[in-house]
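J.: If you read the sequences in order, they're chains A and B. For the first sequence, this note's numbering begins at -16 and goes up steadily by one. For the second sequence, this note's numbering begins at 49 and goes up steadily by one.
Warning: the hint list may mix true and false statements.
As the list claims (entries may be wrong) - Covered by chain A, according to a simulated footprint, are these stretches of chain B (three or more residues, beta-carbon under 8 Å):
(1) 86 to 93
(2) 106 to 115
Claimed, not checked - Here are the simulated distance ranges between beta carbons:
(3) B:Arg234 with A:Asp48: 52 to 60 Å
(4) A:Asp48 with B:Phe179: 44 to 52 Å
(5) B:Ser84 with A:Trp57: 53 to 61 Å
(6) A:Trp57 with B:Glu153: 54 to 62 Å
(7) A:Glu74 with B:Arg186: 22 to 30 Å
(8) A:Glu74 with B:Ser84: 21 to 29 Å
(9) A:Leu58 with B:Ala187: 31 to 39 Å
(10) A:Asp48 with B:Val105: 34 to 42 Å
(11) A:Val79 with B:Pro246: 32 to 40 Å
(12) A:Arg68 with B:Pro246: 54 to 62 Å
(13) A:Asn87 with B:Arg127: 34 to 42 Å
(14) A:Val(-1) with B:Cys263: 31 to 39 Å
No lab work stands behind these hints, which were simulated from the structure alone. Backbone N, C-alpha and C define an ideal beta-carbon position, used for all residues, glycine too.
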Amino acid sequence: MTLAAICLLVLVFGLVAFDWATLRGKNRRALFVEVAVLVGGAAFIVFPERATALAHVVGIGRGVDFLLYPTVIWLVRESLLSRRRRIEDAERLTHVVRAFAIANSKSS
Amino acid sequence: MPVRDGAAALARTLSTLRDRASAFGGVTVFLVDDGSDVALDIPKATETFRVVVARHVVNLGQGAALETARQLALASPPRFTAYVTMDADGQHLEGDARALASAIEDGADVAFGNRFLGDSNVPASRRVVLFFARWFERAITGLALADAHNGLRAFSREALEQVRIRQNRMAHATEIKLAVSRASLRFVEIPVSVRYTPETLARGQSNAGAAMILCDLMLQYLFGE
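In isolation and in its complexed conformation, chain A is listed as follows:
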C-alpha cells in the first residue's frame, strides 16, 4: 500500500470516527449511509485493482475515473440544488421580515 493510500485511509476513518462521535445521537440513518459510502470508498483505496476492473466493465480506463466521474456530477448537481435552496430560504426570510415590518410600521 502506498503512502498516499495510507493517508487517505487515515482521513476516511478519522472522518467516520469524528462523525460517529458527534452525530451518533442525532441522524442515525444518515450516519449509517455515510459510513457505508466511506467504508466502500476505503475498500477501493485498499484494492484499487477492483475499481479498475469495474471501470473496464463499463468502458472506462481507470478505476479512479470510474469513481470520480459520478462523484463530480453528483457534487455539481448538489451544489446547484443547495444554492437554490439557500436562495429560496432567503426569499422566505425576506418575505416574513418584510411582512412583520409593514404590519408593525408606525407613523411619527
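Position chain B relative to chain A; hints supplied.
T.: Quick look at chain B alone, frame taken from chain A:
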C-alpha cells in the same frame, strides 16, 4: 429611505427634510430601519412632514429595505405625486431630491440622479468603478445612463408599481434599471451633488462590492424568475 445605524446622520437628514417640507408641498418619509443596533431618533410629525417607520428585525440589505419602503408607500394614503429614494447618511441633498420630484411632476416616469453633472467630490477609485459599471449596465439594460448606482432616484406612482425589487443587497440598482428598460418607462437624468465624507465612505459601499453585485446578478439570472 433605508437606514442602518448612523443615528446622528439620519437625524440631520430628517431634520433638514422637515425644515424644507413646507416648501416642498409636504413630505412623507418611509424610513426602513434595516436591523439597526442603535435606537433611531425620529422627529415628530408636523402639518407637512411625517415619518413612517418600519423595522426589519434582521439586516436584509439596502435593496430589501427599498422594497419594503416601496410597498409601504404604495399601500399608504395619501396618494403622492413623486416618490424619491435617497440615502440617510447625508450624501444626498434635499434640494436635489426636490429637483428629481419636479422632473416627475413634469411628466417623466423615472428620474435618475447624475452625480457627474453636479458638484460632487467623487473619489478617483469610485470614478473608475462607476465607469465600468456604467458600460456593464448599458450592455445588459440598454439604458444609456451616465451614472450607475446612484441612490437618488424618483418615480411616479405608476412607475413605482412596475419596479419591484427582488435583489436584497446592492444589485438592486441594476435591477431597477432593467425594470425601467423592460417597462419602456420614460426617464431623465438630473444633475445632483453627492457629498463624500470620511463617514459616508466608511459606511457606504466599498469598491470591492462591485464583484458581489456581479455575483448577485449572476445568481438571479440562474435561479430567478
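J.: Indicate, hint by hint, whether the structure satisfies it.
T.: Status of the hints after comparison with the structure:
A stretch counts as covered by a chain when three or more of its residues have a beta carbon under 8 Å from one of that chain; for the segment 86 to 93 of chain B and chain A the count is 4, and the coverage holds. A count of 4 residues in the segment 106 to 115 of chain B with a Cβ less than 8 Å from any Cβ of chain A is obtained; the coverage claim is therefore met, three being the minimum. A hinted range of 52 to 60 Å holds for the C-beta pair Arg234 of chain B and Asp48 of chain A, which are about 59 Å apart. Against the hinted window of 44 to 52 Å, the Cβ-Cβ separation of Asp48 of chain A and Phe179 of chain B comes to about 47 Å, which satisfies the hint.
Between Ser84 of chain B and Trp57 of chain A the Cβ separation comes to about 43 Å, which falls outside the hinted range of 53 to 61 Å. For Trp57 of chain A and Glu153 of chain B, the hinted distance range of 54 to 62 Å is satisfied, since their beta carbons lie about 58 Å from each other. In this structure the supplied range 22 to 30 Å holds for Glu74 of chain A paired with Arg186 of chain B, their Cβ-Cβ distance being about 29 Å. A hinted range of 21 to 29 Å holds for the C-beta pair Glu74 of chain A and Ser84 of chain B, which are about 23 Å apart.
Checking the proposed 31 to 39 Å range against Leu58 of chain A and Ala187 of chain B shows it holds: the Cβ atoms sit about 33 Å from each other. Asp48 of chain A and Val105 of chain B have their C-beta atoms about 51 Å apart, which leaves the hinted 34 to 42 Å range violated. Separated by about 37 Å at the C-beta atoms, Val79 of chain A and Pro246 of chain B satisfy the suggested range of 32 to 40 Å. Between Arg68 of chain A and Pro246 of chain B the Cβ separation comes to about 41 Å, which falls outside the hinted range of 54 to 62 Å.
Distance hint for Asn87 of chain A and Arg127 of chain B: a CB-CB separation of about 24 Å, inconsistent with the stated range 34 to 42 Å. In this structure the hint that Val(-1) of chain A and Cys263 of chain B lie 31 to 39 Å apart at CB holds, the actual value being about 35 Å.
Hint check: violations occur at hints 5, 10, 12 and 13; the rest are consistent with the structure.
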